[in-house]
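J.: Okay, here's what each chain looks like letter by letter:
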Amino acid sequence: MSEFSLWDIVYNLLLAARWTVLLSLTAFVLGGIVGLLLLMVRTAGNPWVVRFVRGYVELFQGTPLLMQLFIVFFGLPLIGLDVSPWVAATFGLTLFTSAFLTEIWRGCVESVGRGQWEASASLGMNFTQQMRYIVLPQALRIAIPPTVGFSVQVVKGTAVASIIGFVELTKAGTMITNATYAPFTVYGCVAVMYFLICYPLSLFARHLEGKFRNVAR
Amino acid sequence: MSLVELHAIHKSFGALEVLKGIDLSIDEGQVIALIGKSGSGKSTLLRTINGLEAIDDGVIMVGGKKISERDTDLLALRLQVGMVFQQFNLFPHYTALENVMLSPQVVKKQSKPEAREIAEEMLTKVGLADKMMHYPDQLSGGQQQRVAIARALAMKPKVLLCDEVTSALDPELVNEVLAVVRQLAEEGMTLVMVTHEMRFAREVCDKLVFMHQGRIHETGDPEEVFANPKTPELSSFVGGLA
Amino acid sequence: MAYKFDFGAIVPHWELLVDGMILTTELTVIGAVVGVGLGIMGAWARASRAPVISQIVGVYVELIRNTPFLVQLFFIFFGLPALGVKLSEFQAAVLAMIVNLGAYSTEIIRAGILAIPQGQIEAAQSLAMNRVQIFRYVVLLPALKKIWPALSSQIVIVMLGSSVCSQIAAEELTFGANYIQAINFRAFEVYFVVTGLYLAMSILLRMGLKVLGNFLFERRRHV
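Residue numbers (the UniProt record's numbering), protein chains in the order written: chain A, 1 to 217; chain B, 1 to 242; chain C, 1 to 223.
With the rest of the complex left out, here is chain A (with noise of 0.2 Å):
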């Protein structure tokens, strides 16, 4: 049995660490663009629109991750596309993602009020420019203190990623330890590692909100 130090075992967590990483922003990022196009048709008002992204939050958000993770797994493949777990677990995070972000962003947008619609209304724009120039800049800044808490979420879904055969942080602390046999140091260091992910960013939100809360403009 090949020795492992405690060096060996956080050089190799480091290693799947970036991929957790990468993971998370890349599902942020795809989220947060399928959240707004989510977000703006919702507005826009269709009720059926409505409905549907209604139906769609509220089913990312009553299922499991992992459920969802795994339905993108063995279904994508039932029609023709092969998808490697990083495939099938981006494509999964950013469902996930957009649902929560698209939820979190309508509040926002709800809590800019009617007169400033009305307001901008009566200067004659449209709806495009409504968005563009009143109503997302006031909702952006509320937004961001939840959009970067909501961030230590994605990068703890990533972890269920390990499931369907990601190799990211929780998935390579499993493997060392089948090598190991030394489950507490080896997942005691994982969590550490994710704590110092997460943390800044908790951190980070805290701040912000801090911040806005006081700020008007």
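Where hints are given, some of them may not hold.
As the list claims (entries may be wrong) - Sample of chain B residues with no beta-carbon within 12 Å of chain A, all distances over it, derived: (1) Asp-57; (2) Asp-71; (3) Ala-76; (4) Gln-80; (5) Glu-203; (6) Thr-219.
Stated by the list, open to error - Which bits of chain C does chain A cover? Going by a derived footprint, with three or more residues having C-beta under 8 Å, they are: (7) 55-67; (8) 137-146.
To be verified - Here are the in silico distance ranges between beta carbons for each label pair: (9) Lys-4(C) with Leu-22(A): 34 to 44 Å; (10) Ser-2(B) with Ile-203(C): 54 to 64 Å; (11) Tyr-3(C) with Ala-15(B): 35 to 45 Å; (12) Ser-2(B) with Val-49(A): 14 to 24 Å; (13) Ala-54(B) with Val-49(A): 16 to 26 Å; (14) Val-49(A) with Leu-75(B): 17 to 27 Å; (15) Met-207(C) with Leu-78(A): 28 to 38 Å; (16) Val-49(A) with Glu-69(B): 15 to 25 Å; (17) Lys-156(B) with Leu-81(A): 52 to 62 Å; (18) Pro-137(A) with Glu-223(B): 46 to 56 Å.
Honestly, the hints are just simulated from the structure, not real lab data.
All C-beta atoms, glycine included, are put in the ideal place defined by N, C-alpha and C.
Knowing the structure of chain A, use the given hints to seat chains B and C on it.
T.: Just chains B and C now, kept in the frame of chain A:
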């Protein structure tokens, strides 16, 4: 020819009918005051004129052209009809100058220098040349409302709608806003205002429209209407104020 | 060649899914009751004037909230035996859920406590109540009432999160699904149906918590 003509306007909110067939024409240069108790439909009527409230039945004509509910028609309508709100509704993330410049730039596609020139002119006109770089939350209510007026004027509307523009203001700030409105009236701007300032309405307006229970109950020259109300409702309304 | 769906292949195994749902429900109920209890104590400790206890609870909250539930579960199930703490799959799953929900509910309930107007506490003080009495009679219920929606959402999240307990072979709903698809090779169909079951459970749970909230907070007002 009238600038704006309303024919048989009907509007309900659910089961409540707030406008029960309104006919009104607004001539160029006319200054009209809509008065009446709260709930009489005067604010709703004002908001139908620029399409903020969709009407259930009736016809709105602006410049002889019928306005439908198509979005393009609404936008064209709003280019002709400006509006000032009770709560100002300034955009809090823009300075006073930016508030006024925004719409000329993005809606009318004017160049930045062009928009800026107009915005400065309008802000100067309302007496805020020294507050251009201030954000709304750095301005008093009266100053904010004057920025809102400048913002509406920068679009060069043919008609300006004023919805209780002094109702949200502290008493000592009312006059600075009324002075601006009075100046606009004197310059020949077409104005339709919902107001509770009866003395102001009497002095400035050409035509008084008294609304009661969703209908135009009585209308005429302000001096005359105030001196000799023909209906008991108006006389009790005027009496209640005196 | 198009794939032919065969949802019928699940039917012979329905009992596994029912058993799994029962276990998921057990995990959730125990996790929620004890976890919220832990959260109330945590919030009390955070609001108390003993800085050391408050800081220890603060560290616990941050550690849990900034690491994945799956890693917490693995640490408890695989790691703790190294310290001589050997837990069954079910015990480990329940403990992980309690510890996880305890941290989140500490923060949520604390926010509710901070939202209680100072006047309420001053009034209670001038009625000569001690700190425990003030917390118990004046602060706790209104605070819980205020944050009940947020707490309910967190309980639903923990229920859904329990799906990863299948990874330590706790025999909850996802475990049942994994087992069935290993026998009948109908992974998509099985997970599709089980996703539907989770959705139904989360809707029911949310409704149940709403009813519970009405019972706890609304009726008591008239007593």
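J.: Taking the earlier hints as the rules, which of them does this structure contradict?
T.: 2, 3, 4, 8, 11, 12
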